[in-house]
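So the sequence shown is numbered by this note's numbering: it starts at 1 and just counts up by one.
In short, the hints are calculated from the structure, not lab data.
These numbers were taken from a predicted model, which means no experiment stands behind them.
Don't take every hint at face value.
[Unchecked claim] Straight-line Cα separation of at most 30 Å, DSS-like style, residue types lysine-lysine; simulated pairs:
hint, residue 1, residue 2
1, Lys133, Lys330
2, Lys339, Lys90
3, Lys84, Lys113
[To be verified] Derived Cβ-Cβ restraints for the label pairs, each shown as a range:
hint, residue 1, residue 2, range
4, Arg2, Ile201, 35 to 45 Å
5, Lys339, Tyr227, 21 to 31 Å
6, Phe250, Pro163, 33 to 43 Å
7, Thr231, Ile345, 40 to 50 Å
8, Asp65, Phe239, 40 to 50 Å
The beta carbon of each residue, even a glycine, is placed where N, CA and C say it ideally should be.
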Amino acid sequence: MRRILSIIKKEFLHVFRDPRMIALLLFIPIFQTLIFGIVVKTDITDVNILIVDHDKTFLSRSFIDDIIASGYFELKEYTDDLDKLDENIKKGNVRAAFIIPDGFSEFIKRGEKIYLETIIDGTDSNTSSLILKYTSSIIQRFAQKNSDSNPSIQLQSRAFYNPNLESRYFFVPGVVALIITVIITLLSSMAIVREKESGTIEQIMVTPIRKYEFILGKTIPFAIIGYVDTTLALLVATFAFGIPFLGNIFLLYFGATFYILAILGVGLFISTISSTQQEAMMTSFLFIFPLLILSGFIFPIFNMPFIVRIFTFLNPLRYFLVIIRSIFLKGSGISILYKQFIALIILSFSFITISIIRFKKNI
């Protein structure tokens with residue numbers, strides 16, 4: 001027992017001898033609990049919608065007011081042009097569209113059956129299911145309030161890009177991005193710190209190699225691994241799960257290039273601020289979980305508090321998820337995704353530059 005206690009004491013001393021490791025062990029659970037507590041919500045609010053009103057009567061406007069007053073939806077555009085419906089859903093400007101038929105008010109007054117068409121973006125199956133649930137509740141309350149005959153409003157819904165609202169259509173493309181994130185972050189975060197621990201960093205620094213050459217030499221192998229993992233994950237998603245790939249594969253790899261660069265920048269930055277591989281691994285998980293939670297992979301960004309949404313703009317995973325899901329399920333091109341590509345390019349070069357500068361100061 002004395003020998004076991006000695007080993008236990010040794011391990012505790014080894015873990016807590018580094019003040020930064022103590023800070024990580026105490027900070028990570030607090031920080032991640034706060035992130036989960038603030039972001040994780042099973043309900044939705046302020047969903048951007050488009051309304052096509054063919055009736056244009058007092059009752060149709062009253063129905064629109066009830067939809068907005070529910071707090072679940074936010075009116076992005078009001079129109080009678082059906083062409084704008086496809087355009088806004090494909091660009092991601094709205095998550096759903098309601099088409100109010102001509103004669104809506106007359107059917108309500110006579111207490112007859114009414115068919116209300118709802119178009120939703122099915123790429124996020126969880127959000128789409130909640131939209132249908134909330135919509136059904138709103139329209140039935142409206143019907144009962146405005147007619148003594150208790151008319152029945154039948155909701156006719158169509159889901160674009162995922163007709164059956166299958167959850168794998170939403171999650172599997174996201175898992176491809178998640179796999180790249182975890183593997184590349186963990187590998188690159190230990191790239192430089194491994195040299196420090198083995199004592200070879202000083203030998204490397206006395207060679208004629210330049211700083212950027214050293215960083216490139218460290219990142220290129222992991223970038224290649226990232227491409228291989230991306231290819232394998234895409235093959236599994238397409239052939240094992242039957243997720244339809246409707247877009248341009250070269251455009252997807254173009255986006256993956258800058259996402260891999262961005263994640264490499266994050267991993268190398270972690271490596272420059274860490275003293276041991278254990279510390280680098282702990283710090284990697286500190287970064288990975290916020291990247292995941294604040295990306296829209298599980299919980300929609302529009303449902304997060306405003307302050308939290310600001311931080312999501314610095315998250316490369318946010319943009320890559322939009323790119324991979326849009327190319328996969330919608331067949332979107334650069335004309336629709338150019339904002340995401342620009343943001344990803346800026347973040348990738350910024351993170352790599354910060355890592356090089358930090359490495360220079362560290363040496």
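Results of checking the hints against the structure:
no.	hint	in the structure
1	Lys133 with Lys330	24 Å, holds
2	Lys339 with Lys90	14 Å, holds
3	Lys84 with Lys113	28 Å, holds
4	Arg2 with Ile201: 35 to 45 Å	39 Å, holds
5	Lys339 with Tyr227: 21 to 31 Å	24 Å, holds
6	Phe250 with Pro163: 33 to 43 Å	27 Å, violated
7	Thr231 with Ile345: 40 to 50 Å	22 Å, violated
8	Asp65 with Phe239: 40 to 50 Å	48 Å, holds
In this structure, the hints that do not hold are numbers 6 and 7, in rising order.
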